[in-house]
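Residue numbers (the working numbering), protein chains in the order written: chain A, 1 to 252; chain B, 1 to 677.
It is worth saying that the hints were derived from the structure and are not from the lab.
Do not take every clue at face value.
[Claimed, not checked] Listed next, with one range per pair, are the computed distances between beta-carbon atoms:
1. B:Pro-344 x A:Gly-65: 38 to 48 Å
2. A:Thr-73 x B:Arg-345: 51 to 61 Å
3. A:Gly-65 x B:Ser-464: 48 to 58 Å
4. A:Pro-56 x B:Ala-307: 47 to 57 Å
[As the list claims (entries may be wrong)] Below 25 Å or equal to it, Euclidean Cα-Cα: the simulated PhoX-like pairs (lysine-lysine) are:
5. A:Lys-72 x B:Lys-427
6. B:Lys-663 x B:Lys-566
7. B:Lys-427 x B:Lys-462
8. A:Lys-208 x B:Lys-310
9. B:Lys-561 x A:Lys-72
The beta carbon of each residue, even a glycine, is placed where N, CA and C say it ideally should be.
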Amino acid sequence: MPQPADKSRFSRPDPSSGQELRSLQALPWASLAAILFCGVLFTAAQAQSKASDPAPNSAPIVQPGAPGMPSKTLPPDTTGQAPQRSSADVEFMQGMIMHHAQAVEMTALIASHTQNREVRALGARISLSQSEEIKFMRRWLLLRGEPISMAMPGMPEMDQSGNPMQAMPGMLTPQQMSALRQARGAEFDRLFLTGMMQHHNGALIMVKNLFDTPGAGQDADIFDFATDADNTQRAEIRIMQEILQGILKENG
Amino acid sequence: MTRKQALVFRLASMAFFAALAGSAQNMLWSQAAPAATPAQTTPDPAAKPAAEEEADPFKPQPAPALPLGMTGSNSNDPRSSLKPGLYDAGEAAMGMKHVAFLKKPAAFQFTATNADDPIVQKTLGQLGVGDRSKMSKSTQMVIAQLAFANSDFAFQGTHLFQGNFYGVNFYDISNPAKVSLITSLVCPGGQGDVSVYGKLLFMSVEMPNGRLDCGTQAFPPLPPPEKGHEKERRLPVASPDRFRGVRIFDISNIKNPKQVAAIQTCRGSHTHTLVVDPNDKENVYIYVSGTSFVRQGEELAGCSGEAPDKDPNTSLFRIDVIKVPVAAPQQAKIVSSPRVFIDPRTGALNGLNNGGSHDKGAEKPADTNQCHDITVYSAIGLAAGACSGNGLLLDIRDPVHPKRVDAVNDPNYAYWHSASFSNDGTKVVFTDEWGGGLGARCRATDPNIWGADAIFNLKDDKLSLAGYYKMPAAQTDAENCVAHNGSLVPVPGRDIEVQSWYQGGVSVMDFTDAAHPFEIAYFDRGPIDPKSLVLGGQWSTYWYNGYIYGSEIARGLDVFKLVPGKFLTQNEIDAASLVQVSELNVQNQQQIKWPAKLAVSQAYLDQLERSQALPPERIAGLRKAIVQTQKSHLGAKDLVKLKAMAATVETDATATSNPVDAKRLHALAEILEHPVA
Chain A
1 MPQPADKSRF SRPDPSSGQE LRSLQALPWA SLAAILFCGV LFTAAQAQSK ASDPAPNSAP
61 IVQPGAPGMP SKTLPPDTTG QAPQRSSADV EFMQGMIMHH AQAVEMTALI ASHTQNREVR
121 ALGARISLSQ SEEIKFMRRW LLLRGEPISM AMPGMPEMDQ SGNPMQAMPG MLTPQQMSAL
181 RQARGAEFDR LFLTGMMQHH NGALIMVKNL FDTPGAGQDA DIFDFATDAD NTQRAEIRIM
241 QEILQGILKE NG
Chain B
1 MTRKQALVFR LASMAFFAAL AGSAQNMLWS QAAPAATPAQ TTPDPAAKPA AEEEADPFKP
61 QPAPALPLGM TGSNSNDPRS SLKPGLYDAG EAAMGMKHVA FLKKPAAFQF TATNADDPIV
121 QKTLGQLGVG DRSKMSKSTQ MVIAQLAFAN SDFAFQGTHL FQGNFYGVNF YDISNPAKVS
181 LITSLVCPGG QGDVSVYGKL LFMSVEMPNG RLDCGTQAFP PLPPPEKGHE KERRLPVASP
241 DRFRGVRIFD ISNIKNPKQV AAIQTCRGSH THTLVVDPND KENVYIYVSG TSFVRQGEEL
301 AGCSGEAPDK DPNTSLFRID VIKVPVAAPQ QAKIVSSPRV FIDPRTGALN GLNNGGSHDK
361 GAEKPADTNQ CHDITVYSAI GLAAGACSGN GLLLDIRDPV HPKRVDAVND PNYAYWHSAS
421 FSNDGTKVVF TDEWGGGLGA RCRATDPNIW GADAIFNLKD DKLSLAGYYK MPAAQTDAEN
481 CVAHNGSLVP VPGRDIEVQS WYQGGVSVMD FTDAAHPFEI AYFDRGPIDP KSLVLGGQWS
541 TYWYNGYIYG SEIARGLDVF KLVPGKFLTQ NEIDAASLVQ VSELNVQNQQ QIKWPAKLAV
601 SQAYLDQLER SQALPPERIA GLRKAIVQTQ KSHLGAKDLV KLKAMAATVE TDATATSNPV
661 DAKRLHALAE ILEHPVA
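Here chain A stands alone, though its shape is the one from the complex:
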């Protein structure tokens, strides 16, 4: 199982939703999630009488030691320990939501800015996978009781500690975004492809930083997600290189 794929449709992150959720002044989308969540809870509560508990431990629970060391026996009431997660995990997810949102914003320009079939097909694919992933990341954060955004509520330019927000690696500057919005045709294709490659390379850096941080990336879900995001974006970078080469040849 190399890739997490239970990712769903895109919905735009709201920079302020995290704190709102915390204080139960829930935004519509958060309440929606809550409704569904509660629905699941209530339905299952009824079914709970039907032996939905896990099987009790019926055999010795052995925890081996390091190679060559003796094993120890754990008490019979041992249950699984919750997956480790660090602030780096949470920041990675929050940051990647913001990062992905820009990619979706960029792909949204394609339909009105270029007729290039390759770019259009690629854009559709990037839009689809990144919107699915945004949904996955929101779910991951929500289930762990973490805010969806790292921004200060009501102040999207500030982080939770009140410091100016730093752009994620590879994100296009406002100038780059504005140039992209104004370009059309082949010029748009060139700016889009170089921009998206810059953007994707930034995501690779984010994944590398995650796994390079002590204590991070140990939750199985985030591990699989980041591993897959890395594989997918590497593949897309290579595709974009090929398209760009084709375009440069044609125009050169």
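With the hints as your guide, set chain B onto chain A.
Showing chain B alone in chain A's frame:
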């Protein structure tokens, strides 16, 4: 309004919005042709449609339309509308019977009642649910979908080893209808792919929470940065206690296994394959497939995640081979790192490309730099590598230096995941894990050649595509489903595989005719949760000594039996059950040999009757003689009679134009010639 009333009001009003959002979403999706994203000239986020803002992250992904010219899964199948539930889901079966089920032990479950864990309480508090006893098991599983997932199997004698992302569970299967837990081995690190050889148990670890000492505490997160240094990037600390690679346990005391060795690798071990060299009894080998990030050189010397043009010693674009001295496993070490993707003409390490088109755009994606799983078939000196972007054929006669002899790709393939050979080595079944196994990929709108098996003919070390097989029943969008692990069912005279399809259940397929595979048995449950996709289903389903064992990711351990029906007779099941092995590691494929018992000849007769290769009166005559010989316990007179019949059958074998029937007739003649008790 009281709090309760407020909640009820909110529930009602939000349900209305949910319905609105749902329909708006469907509308968006029905237009989801390539590049159909609505034009947007203004960057103002407020201009986004409200429905998009409010999309519910728990709602399963709506299926895109079926691509033109493709056929989807069959939604009229009884498996398509089963009642959801974790332990009380609806079930459907054909040609097989569910004989036993054991839940996962508590030590391998995330429990909301764990007082030390604030996650659940906090989340529920935020959502306005105060009583966490109301939280369903499936919701708990959403929180820790993968951390406690059951994974692959290994078998030895009356013991079954079920891997888990959190360790391994040992079961006693001496009575398959009454399996029982012997030992729970706690040792996290995912995915817990297992193999067994003699007193040694091998286990794959890939995640960064893996510890040399099997600790469940993982590694501590960094303390918060000091004031004024929040934005500084802090250098990573290499941890000598981290373990990513292949562990070796001594299981001579089945109730008290001990770790005897742990071989570190750069990318960890996503899967591994036990390789036994027929010419070397002193050692066994482990092929390591790593698919995740390359760790820092500071943590393990020599590790490098650079591109091959930047670093010719990159840890990408290779597999690792571990040599394990059986008598001294503590001396196990990596002895080679074969560059199986090399271009032999240019020497480039990245010689192979994925040619897949679906889910990857129409263009050529990245170079293949990893194998996901390798199946070795030492009896024919070959291995089939399922290597993300390609299917590989490797010559493994020198097991330390596997050499690529062929490579294929397929436009319908997203991710080459696993492989099995037919027993005679003339076919290879590859699987495509499109969507990685966590996605719903068996819906009515998912093409039946995507996320499917691809069956290749194998001749003179060359692979050629013959056909596809996908579990035919449409599943809901709350069920993760795609082709996954399977093993051969040793019915003589036919090629049959039992295979897991996650929440698509178990499907048994006949691929005797590689171009026309078909289903002969199945078992399926409804989705775990009615509303959201909760990861679950069969990870592996393998035949072992007369029974089929299923590793259910979320639920536990299943045991099944084949039952006779339209596509399979009792004689065929009996003949398959005669094949008894003392150990089974499915990716170390062993040649099946059937005893020359008259019971086996009955299975061939059933098949010859089914294919009408022999006229009914011949079949009846042969059956009568066989039964008579069984009655007389191989009486001399009856044996002479059988021998005479064998000669005629052998003549039929040479006369028939159907090569499958010719083989059956030939095998039948051999048994009639020299039957054993």
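Hint-by-hint comparison with the structure:
A beta carbon spacing of about 45 Å between Pro-344 (chain B) and Gly-65 (chain A) agrees with the range 38 to 48 Å that was offered as a hint. Checked against the hint of 51 to 61 Å, the C-beta distance between Thr-73 (chain A) and Arg-345 (chain B) comes to roughly 58 Å, which is consistent with it. Between Gly-65 (chain A) and Ser-464 (chain B) the Cβ separation comes to about 51 Å, which falls inside the hinted range of 48 to 58 Å. Separated by about 51 Å at the C-beta atoms, Pro-56 (chain A) and Ala-307 (chain B) satisfy the suggested range of 47 to 57 Å.
Proposed proximity of Lys-72 (chain A) and Lys-427 (chain B) is contradicted: the alpha carbons are some 46 Å apart, above 25 Å. With a CA separation close to 22 Å, the supplied pair Lys-663 (chain B) and Lys-566 (chain B) stays within the 25 Å bound. Note on Lys-427 (chain B) and Lys-462 (chain B): the hinted pairing holds, with a Cα-Cα distance of about 10 Å set against a maximum of 25 Å. For the suggested pair Lys-208 (chain A) and Lys-310 (chain B), the alpha carbons sit about 17 Å apart, so the restraint of at most 25 Å is met.
A hinted pair counts as satisfied when its Cα atoms are at most 25 Å apart, and Lys-561 (chain B) with Lys-72 (chain A) does not qualify at roughly 37 Å.
Consistency note: the structure conflicts with the earlier hints numbered 5, 9.
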